[in-house]
Amino acid sequence: MNLIRGQVGRLAARLIVLVLMLYLVMVPVLILLAASFRDPGKGLPFGHSSFWSAVNYQEVFLSGRTWQLVWNTIVLSFGSLMLAFAISLVAAWLVERTNLPGQGFAFVMIIAGIGTPGFISAIAWTLLLNPSNGVLNVWLRNVFGMTGDGPFNISTLPGMIVVEGLGLVPVTFLLLTAAFRALDVSLEDAGSLSGAPPSLIARRITLPLLTPAILSAFVYQFATTIESFDVPVTIGLRNNIVVLSTEIYLQVQPSTGLPQYGLASTYGILLIAIVLLPLVYYQRIIGRSERYATVSGNAYRSRRIELSPRAKIAGLTFLGLYVLFEFVLPTLILLYTSLHPFYSVPSLQTIASSGLDAYRTVVGSTLFTDSLTNTLIVALVTGLATMTLAAVVSWMVVRSRTMLRPILDVLAFIPHSIPALVMGLAIALIYLYVSIPVYGTIWIIVIALLTRYLSLATRQMNTGIGAIKQELEEAGSASGASSLQTFWRILVPLAMPSYVNGFLLIALLSVKNLSIPLILGGANSSMLATLVWNRWDNGDTAETGALSIIIMVITLVLGALSFAAGRWTPGRRKATKRNARDGGVPPSPQANEPQKALAAAVYQ
Amino acid sequence: MIRIDALHKRYPGQGTMVSAVDGLSFEVAQGELYTLLGPSGCGKTTTLRCVAGLERPDSGTIVLGDTEVYSASRFIPTHQRDLGMVFQSYAIWPHMSVFENAAFPLRVSGHRTSRAKIEEAVSEALTLVGLAGYESRMATQLSGGQQQRLSLARALVRRPTVLLLDEPLSNLDAKLREHMRQEIRQLQQRLRITTLFVTHDQIEALAMSDRVAVLRDGRIEQEASPKDIYNEPTSEFVANFVGATNMIKGTVLDWTARMTLLETKFGELSAVSGTERLAEGTEVTVALRPEDLILTAKSAAAAGQPNAWPVEVMFSSFTGAITEFKVLTESGQDITVRAPSRVATDQRHVVMYADPMVCRILPDSKIDAGS
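Here the protein sequences line up with chains A and B, keeping their order. Here the first sequence is numbered in numbering that gives the first Met the number 0, starting from 0 and rising by one per residue. Here the second sequence is numbered in numbering that gives the first Met the number 0, starting from 0 and rising by one per residue.
Heads up, some of the hints might be wrong.
Said to hold, decoys possible - Sample of chain B residues facing chain A (criterion: CB under 10 Å; computed from the structure):
{"#": "1", "residue": "A51"}
{"#": "2", "residue": "Q87"}
{"#": "3", "residue": "H94"}
{"#": "4", "residue": "L163"}
Claimed, not checked - To give an idea of the chain A side of the interface with chain B (calculated C-beta under 7 Å), a few residues:
{"#": "5", "residue": "S185"}
{"#": "6", "residue": "L186"}
{"#": "7", "residue": "A189"}
{"#": "8", "residue": "L192"}
{"#": "9", "residue": "S193"}
{"#": "10", "residue": "A195"}
What the hints assert, rightly or not - Simulated DEER-style distance windows between Cβ atoms:
{"#": "11", "chain 1": "A", "residue 1": "R400", "chain 2": "B", "residue 2": "G143", "range": "28 to 38 Å"}
{"#": "12", "chain 1": "A", "residue 1": "Q67", "chain 2": "B", "residue 2": "E118", "range": "50 to 60 Å"}
{"#": "13", "chain 1": "A", "residue 1": "Q484", "chain 2": "B", "residue 2": "G331", "range": "41 to 51 Å"}
{"#": "14", "chain 1": "A", "residue 1": "R400", "chain 2": "B", "residue 2": "R189", "range": "23 to 33 Å"}
{"#": "15", "chain 1": "B", "residue 1": "M246", "chain 2": "A", "residue 2": "L315", "range": "54 to 64 Å"}
{"#": "16", "chain 1": "A", "residue 1": "V74", "chain 2": "B", "residue 2": "S70", "range": "23 to 33 Å"}
{"#": "17", "chain 1": "B", "residue 1": "G129", "chain 2": "A", "residue 2": "V74", "range": "53 to 63 Å"}
{"#": "18", "chain 1": "A", "residue 1": "A313", "chain 2": "B", "residue 2": "R73", "range": "45 to 55 Å"}
No lab work stands behind these hints: they were computed from the structure. Note that the Cβ used here is the ideal one computed from N, Cα and C, for glycine as well.
Given these sequences and hints, build the entire structure.
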């Protein structure tokens, strides 16, 4: 009797999860597809005057403008990737393989910008390098006695590439340092023992061995840049440089007329198609990279290349310049702007007349307190809900041997290929017609964020739950614990680190995200991100600066917490798992997993 | 030839600097296989890595062949030292074929080697380790044992003056390990290549070496041939680390150049004298190997003999050829005895007998009377 009840309960639980996942994942995909095949007539895609037609596809694929957008998207993507990988490879090599001084500090500074939302960096760079009164431009003009605008203009494709590329560095750097660490140093030592000088080892051994990792990081980041929205919307639109993601935004929120949901959906599907290809390839590389797994031995502290004093200065200058441009200058300009009610180019006089008025105004307004409350609630609820659903799904994916397993696996993967903006669009379409009263509230934002980050959360939990061997649960049962006791006293404590880490990541991402609140936000669901955006749109630089600094503090704290959680847990777990043979705990590939997950996650 | 003189290497530990290698000196003769044996953290791997140039010592000198590769004023980088090394993890490059792995040292050498010469040398090295015919395989398609052979072939392919082996057998299963032990030793003897071998496995050390140095806390505790290390350990540490040993504490009653008579908890014990004169009342430790002890049926004749004590068998375990006994002396001391199973006793109360010639006083265990 008990057995039957258990079976029924389990079946019911599976069914509920399956239905929930199908609803969350498949409905947005289907509604996008459906909307893309509707001619809205003079209304909305599923309104009275609409009908089935391929007119959207005709308009999108037959227009030369579309190919211009695709070209812009690809140029922005590859350009920023080249920049980010060039910087990250050098930085990772300097930090992981040489005896450069101050490496711990350098590491922290390189990833310090990881929590900064893309649109805030973009705003900062607009303040620094817009052609008329960008701080750096004005200074350069004064120094070289130039007149007029310039010399630099951030609102160009090269300008966007620089901002996007610098922003990609922290995650790329983390992915590459993880790869450097996972590389067995004795493979390089064996090269030395064979008589190969360091340059030859770098070329013939290190680089070929790192290639799969570099390639997979490249493909992963490619998917990130293709869907990037913050930089194009903040910098590009000022100068009419449109990419696919901003085009979708323009169609959904046109300056005049009705939103063109059908057209936007078609562009969305085009974007998904472009992202999907590299992502599927990425999955394959990940699978193939196991081919390079080798026997690991007595891991020894890695030997470091000794740099000459001149090389050390060059290396430190390189890292210093990067940190200056990626983190220090943008933060300083926002801080400066926040202290002055009217923007003027910084000079000694203006700095002396700084004041905290903007912060007082911001903190005093109910709109701010509402936005802050909304943002925190959304971050908290999205984090909890996403991780809880992900934990259940991963548990079924990892443990179940039924047909459910591949189905849930695929369902959990799909949102990964849907850019946040497109997800926002799909969710907007659904709740225009489904009569659940969430439209215009923060809950629709939660639903969109939850769906968007479900893949990430599931992957995080898959690693966590996959690491818990089934024997541990079985040993619980064998010790006389009921399945409920086994769940609470064995599974939950062991899975908790992954859960907490994932929660912090998703909370961070929810605070950073601009595109979803921008599309789904209403009068009563203002978020900090949209608040900054509106202030910036209205030209209120002081409050933009103040709000940006406040958001940066929140994301920096969340980022630091999740980084600490990611680094702290596996060390402890590993210490018990492996008794270090030669004193120090050797770095193992698994030790980098959370670091990698964090890296993989934060910049989405 | 390898000569190491007053080698020091310290690492930053918790708050202080920890000495990994503490004034180590030894010399390995041409064609000799010299083993550094010791528990983890004794400094054996650090020493090997200093010889390889993968680690920079704090002070001392290292000479390989007739080149000084490290001294106060000199540090020759690894790739310019005339070495071959087999790593614990084999360090086989997964992105190269078997042939490419073995050919790498020849390809990167400064002077140009013709393709035919390379092929000849590689095929010779692969034949040497029994991997002929595997040239075109990817390195990752090899089994653990084969990777190990390839690693050896790569280390030998450019005929270095010195071969370094860093726990090369520890990743193999027991049967293969025994086989490779013999094979490496035979190869080393055939090539007469000077070899420095690092291991924590005493059986490997005894089976393969010409000479063994037992290391403890960065210093040499004892350096001798395998036989002498086993039969004549000088300290409790060595006696315990190399093979199982019963340690028996005793006080000197009488010393002659041939025999020393000791008072122990369970009665008098005669042991063969060392070179050093021991005063009456000196406390020493005697090492008794379990296989040197004999258990015989209790008889009146046995009871009166020297070095024979009544004991009680508490536990016996049959392990095939050997049966191992745990016996208890009348004074309550635990002693391990091993006997060939065919002659093993099955009685509970027996007499334990030890030939005075196998009772070795450990010279370093001496505590003088009155101190």
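How the hints compare with the structure:
1. A51: holds, 6 Å
2. Q87: Since the shortest Cβ distance to chain A is 4 Å, the answer is holds.
3. H94: holds, 5 Å
4. L163: holds, 8 Å
5. S185: Because about 4 Å separates S185/A from the closest Cβ in chain B, which is inside the 7 Å limit, the hint holds.
6. L186: holds, 5 Å
7. A189: Where the cut-off is 7 Å and the nearest Cβ of chain B is about 4 Å from A189/A, the hint holds.
8. L192: Given a least distance of 4 Å, the restraint on L192/A holds.
9. S193: holds, 4 Å
10. A195: Given a least distance of 4 Å, the restraint on A195/A holds.
11. R400/A to G143/B: 28 to 38 Å: The hinted range 28 to 38 Å holds for R400/A and G143/B, with Cβ atoms some 31 Å apart.
12. Q67/A to E118/B: 50 to 60 Å: holds, 56 Å
13. Q484/A to G331/B: 41 to 51 Å: holds, 46 Å
14. R400/A to R189/B: 23 to 33 Å: violated, 55 Å
15. M246/B to L315/A: 54 to 64 Å: At roughly 58 Å between Cβ atoms, L315/A and M246/B fall inside 54 to 64 Å, so the hint holds.
16. V74/A to S70/B: 23 to 33 Å: About 58 Å separates the Cβ atoms of V74/A and S70/B, which means 23 to 33 Å is violated.
17. G129/B to V74/A: 53 to 63 Å: holds, 56 Å
18. A313/A to R73/B: 45 to 55 Å: violated, 27 Å
Hints 14, 16, 18 from the earlier list are contradicted by this structure; the remaining hints agree with it.
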